[in-house]
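Asks: Please work from the sequences and hints to get the whole structure.
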Amino acid sequence: MKKEMLTGNTAAAWGARLAEVDYIPAFPITPQTEIIETLSDWISEGDMRTRFVTLDSEHSMITAAGAASATGVRVFTATSSQGLMYGFEMLYTVAGWRVPLVMINVARGLSSPITLGPDHNDILAARDTGFLQIHCENCQEVLDSVLMAYRVAEDEKVLLPALVNLDGFYLSFTREPVEVPDIDSVRRFLPSYEPSHAFFRADQPMAQGVAVLGGAYYSYFKYQMHLASQQALGVYKEACREFEKEFGRKYDTIEQYRLDDAEYVLVMINSFSTLGKAAVNRAREQGIKAGLLRPRLLRPFPEEDIRNALKGKKRVAVVDQNISVGKGGILFSELASCLYNEKHRPLLMSFIGGLGGKNISHEEFAFIFDQLIKGEEAEVETPHLLYTQHEWEEMQKLKEIAGRV
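In our numbering, the protein residues as written are 1 to 405.
Be careful, since some hints might not be right.
As the list claims (entries may be wrong) - Quick list of in silico lysine-lysine cross-link-like pairs, BS3-like style, CA-CA up to 30 Å:
no., residue 1, residue 2
1, 250, 237
2, 397, 311
3, 313, 343
4, 277, 311
5, 289, 250
6, 2, 237
7, 374, 314
8, 314, 277
9, 289, 313
10, 374, 289
11, 237, 358
12, 237, 222
13, 289, 343
14, 2, 277
15, 2, 289
16, 250, 311
17, 358, 277
18, 327, 311
19, 313, 374
20, 314, 237
21, 250, 3
22, 289, 358
23, 277, 374
24, 358, 343
25, 157, 245
26, 237, 277
27, 397, 358
28, 245, 277
29, 3, 277
30, 313, 3
31, 222, 277
32, 313, 358
33, 250, 327
34, 250, 2
35, 3, 237
36, 237, 313
37, 343, 311
Hints listed in this document are in silico derivations from the structure and should not be mistaken for laboratory results.
Replies: In structure tokens:
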């Protein structure tokens, strides 16, 4: 094992290299391109024995990835933002094929207006496709999550493709110390792929339908996918235990930060969770019993683990780095449905921040905790958009300039 300073993108590339993938269909898009550039360099230098093909679009790329995986080889690919949207049709298709490929999404806000900053509308738009979803806070998690994604996706009880998400720019181009495991350790944790795909094995209890006529048949195969995704919860937990034994790093479906005695809880995902942890520390210094819950696994959704983690908490602020236009925060809705039938559920409050990569400041986190402490007496507007006075004034200046043009 060696420790290197790696960007999030390079950590993702190392995950694919250590997984000894057989095939990489690729198409460039900012801020993901560094991943496929790195892999292409390694292949051309002879460091990887992998077939690398540049396709003409993300739609073709995902199609090729699914077709190759169906033949029984280990497949890796990566995209971002509009690229994920361009290939969106094929996400549903390859998930229905039950192919255990792994795809990285480097999160970036969606047009329009166009931006290069990250938020999570791209990856969360894919939550109903059938892909598993693992969300990463730091560069080490990116490498580790690629290995774990293959371990879970290829399990015979699952056989579903997986998305591993990291934030563009904040993580994709940020260098952090990353432990790169040796190949022998990885092979013990992730053996070579022995395809037992349902498409080729009619004797397997897993079922796949490429084309059906009639809703009864369609319902059967869709529900098979749902059951397989639920099975992935147990498979993921077992993979976490084996990963800790082999590499010493501990993961779970969720991360609980200073949550044991917390009364006021932030719920956040991905790299901005680091900002949330710093805010929790500041709140603790002020005598506020604060904590943070970070889901790592969003599909399947770890409902039981989340309910147990939030049991006995007074109030919970869900900080969504996304917006479902006309509804509000996506993660807030998921938490609300998860806790709805709990007899003594905490008060839930919704906050939207970080859209397009906008920073969430100390003042905005202080506002969140102020609202949590007020509880039912807080502002009734929901969701709260996190936006500073300075940002509002700058926006008004730009509007004034635009009005004079």
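Asks: For every hint, state whether the structure bears it out.
Replies: Quick rundown of the hints versus the structure:
| no. | hint | in the structure |
| --- | --- | --- |
| 1 | 250 to 237 | 11 Å, holds |
| 2 | 397 to 311 | 46 Å, violated |
| 3 | 313 to 343 | 13 Å, holds |
| 4 | 277 to 311 | 20 Å, holds |
| 5 | 289 to 250 | 25 Å, holds |
| 6 | 2 to 237 | 26 Å, holds |
| 7 | 374 to 314 | 11 Å, holds |
| 8 | 314 to 277 | 18 Å, holds |
| 9 | 289 to 313 | 10 Å, holds |
| 10 | 374 to 289 | 14 Å, holds |
| 11 | 237 to 358 | 33 Å, violated |
| 12 | 237 to 222 | 24 Å, holds |
| 13 | 289 to 343 | 23 Å, holds |
| 14 | 2 to 277 | 28 Å, holds |
| 15 | 2 to 289 | 38 Å, violated |
| 16 | 250 to 311 | 23 Å, holds |
| 17 | 358 to 277 | 17 Å, holds |
| 18 | 327 to 311 | 26 Å, holds |
| 19 | 313 to 374 | 15 Å, holds |
| 20 | 314 to 237 | 28 Å, holds |
| 21 | 250 to 3 | 18 Å, holds |
| 22 | 289 to 358 | 27 Å, holds |
| 23 | 277 to 374 | 21 Å, holds |
| 24 | 358 to 343 | 37 Å, violated |
| 25 | 157 to 245 | 22 Å, holds |
| 26 | 237 to 277 | 24 Å, holds |
| 27 | 397 to 358 | 18 Å, holds |
| 28 | 245 to 277 | 27 Å, holds |
| 29 | 3 to 277 | 25 Å, holds |
| 30 | 313 to 3 | 38 Å, violated |
| 31 | 222 to 277 | 38 Å, violated |
| 32 | 313 to 358 | 29 Å, holds |
| 33 | 250 to 327 | 36 Å, violated |
| 34 | 250 to 2 | 18 Å, holds |
| 35 | 3 to 237 | 26 Å, holds |
| 36 | 237 to 313 | 25 Å, holds |
| 37 | 343 to 311 | 10 Å, holds |
Checked against the numbered hints listed earlier, the structure breaks hints 2, 11, 15, 24, 30, 31, 33; every other hint is satisfied.
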